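Peer 1: Take the given structure of chain R and dock chain L to it, following the hints.
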Amino acid sequence: MLVRGLMPDDTDSGLRGGRFPITRLSAIVAAGSQDQAERSRAFDLLVAAYWMPVYKYIRIKWNKSSEDAKDLTQGFFVTALEKNFFHRYDPARARFRTFLRTCLEGFVSNEEKAARRIKRGGNAVILSLDFDSAEDQLALAEPPAPNATDEYFEAEWARSILGLAVEALRSELLAGGKEIYFRLFDRYVLEDPDSPPSYKDLAREFDLSVSNVTNYLAAARREFRRIVLEKLRELTATDEEFRREARTLLGVDPQ
Amino acid sequence: MKWLSDSMVRRLREEADLPDLGGTKYRVIQRVASGGMGTVYLAQDTNLGRKLAVKVMNLQDPSGELASRMLREARIVALLEHPSIVPIHDVGTLADGRVFYAMKLVQGGRLDQYAKENISLPDLLRVFQKVCEAVAFAHAHGVVHRDLKPENIMVGAFGEVLVMDWGVAKVLASRAGEDGAQAEREISGELDIDARTTLPLSSGAEAVRETAGGMLIGTPAYMSPEQVLGKTDLLDERTDVYALGAILYFLTAGRSPFEPASMADARELIVNRTPLRPRHFNPKLPRSIEAMALKALSKEREERYATAQEMADDIVRFLDGKPVSAYPENIVERAGKWANQHRFIILLILAYLLMRFIVLLIFRR
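Line order of the protein sequences matches chains R and L. 131 is the number that this note's numbering gives to position 131 of the first sequence; each next residue is one higher, with no gaps. 286 is the number that this note's numbering gives to position 286 of the second sequence; each next residue is one higher, with no gaps.
Think of the hints as simulated: they come from the structure by calculation, not from any bench. Among the hints, a few may not be true.
[Claimed, not checked] Restraint-style ranges between C-beta atoms, simulated for each label pair: (1) L:E117 <-> R:R88: 34 to 42 Å; (2) R:N215 <-> L:E303: 56 to 64 Å; (3) L:S7 <-> R:Q36: 40 to 48 Å; (4) L:G23 <-> R:S65: 49 to 57 Å.
Keep in mind the model is a prediction, meaning the values are calculated, not measured. Yeah, the Cβ is synthetic: ideal placement off N, Cα and C, and Gly gets one too.
One chain only, chain R, in its complex shape (with noise of 0.2 Å):
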């Protein structure tokens, strides 16, 4: 049995040192490369990015239980592996995230017209997802309206995304030696997300200068975008689509 673990320590792949740290090569694209072992990187690539938002959308969208959505998501990612369902996108159609939604209600609703479990051994591919941290997350939200579950695949994706590039972020900056960077910027920006302090009570909290503060922030909201961008850049097939995306996600084109 061949197992891959994505989850949750793969978050950082695709950045400095990590799967296409040149070119930033799109892993859609490499999805249909001839080349086995750059297709196995893309396939980790975006089963980092979307399992989360494919989990929670099964749950939600058919109201499955935990068991049953954990073997849809692994089916549905092993399917797409084997059948190479990635390249079939086609760039000029639909957003890759709305094809990859498509694709899985394609594949739900056929799962449920052959009523059968997935089962899955032998020599299938079973991924090691964090489903628990899933259920956790879909325990603290408020579910969504019956109507919005398309929206609700959107901002999973969107929190999917984001959430990968902070982990990314903090082991750049940590990697780096800039902890204090990171520090300023999870306080300033997500600790306390509706009322974030001053720079001058950052000042005071982290004992550096009002100026220190404003640059370390600088540096690392520059870093955090970048690394947004990439990650934007990997999970799409065209410079059309990363701009039509990063400006859904970012609100501004990117150069």
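Peer 2: Just chain L now, with coordinates in the frame of chain R:
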């Protein structure tokens, strides 16, 4: 991986959206407001340590054309050194190719918000008078704003009034005085005619629209008939006077003269329909103020105030209790106004006459 709540996701998106001012002397502190083409941020000038506002365009500018146009806007604004016109300090291009400019940080509220705060009519008119005077100052220097609306006017905590967003301003070389002509020579550079007369940089996406017949400049609810028809060659000071009329209408009636749902709707309403009288919405409004708004909103340019200064003068006349040029009062109204102005003397005379009358009655007995 850390779980991100909806609030965290929102904050992260905001942070990632903040522009990278790393190559400049400015550091972003937070986003203040967003428009269709640009976003304004509170920032700090690291050299001087002062806070200011930095406006960053949402568009990239690989050719540098946008930067040239913004530089031109900055030069126009620099020409208009007036207490009610916000100065621009700096223009540049960020590492990601977006153009920014730094300007004085204005603290206050937008006129449309200010007008909702139960402000008395004389106070509203004093603010409006300052707007007219700032616009008149620009006109005197050969510059037409072309996108005047309450959202582009700020009112400070101490009553200061600032006319913002000169991004679609036009320099009227033929009417400009020496300053304006000089500015036109200095700022025109290598830009083509359209670029010289059109600066699509306003923060509102609605400020500029491409049409088959040309470019529409302005915001539909405040556009003059010549603007909405795309007759750019006819745009002059009276185009701004029309918008001032629409602003006065908004301040006194509580809504703009027309509320078009689309550009086609705007064309029909602004060109062919007469707006409801402001007194329809505010029956207590003096007729002379209503007349000023409607005069400025005339379909024919020749029937409007010729200049913004004329309109400001009428406002001053009204505030001083004098007749205004837009409203010829009849004898009764004039007598009423005279009586109102001299009511103390009249009361004194009446009291004296009443006393005489009473004394007369007593002695007759």
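Peer 1: Okay, which hints does this one fail, numbers in order?
Peer 2: Hint 1 is the one this structure does not satisfy, whereas the remaining hints hold.
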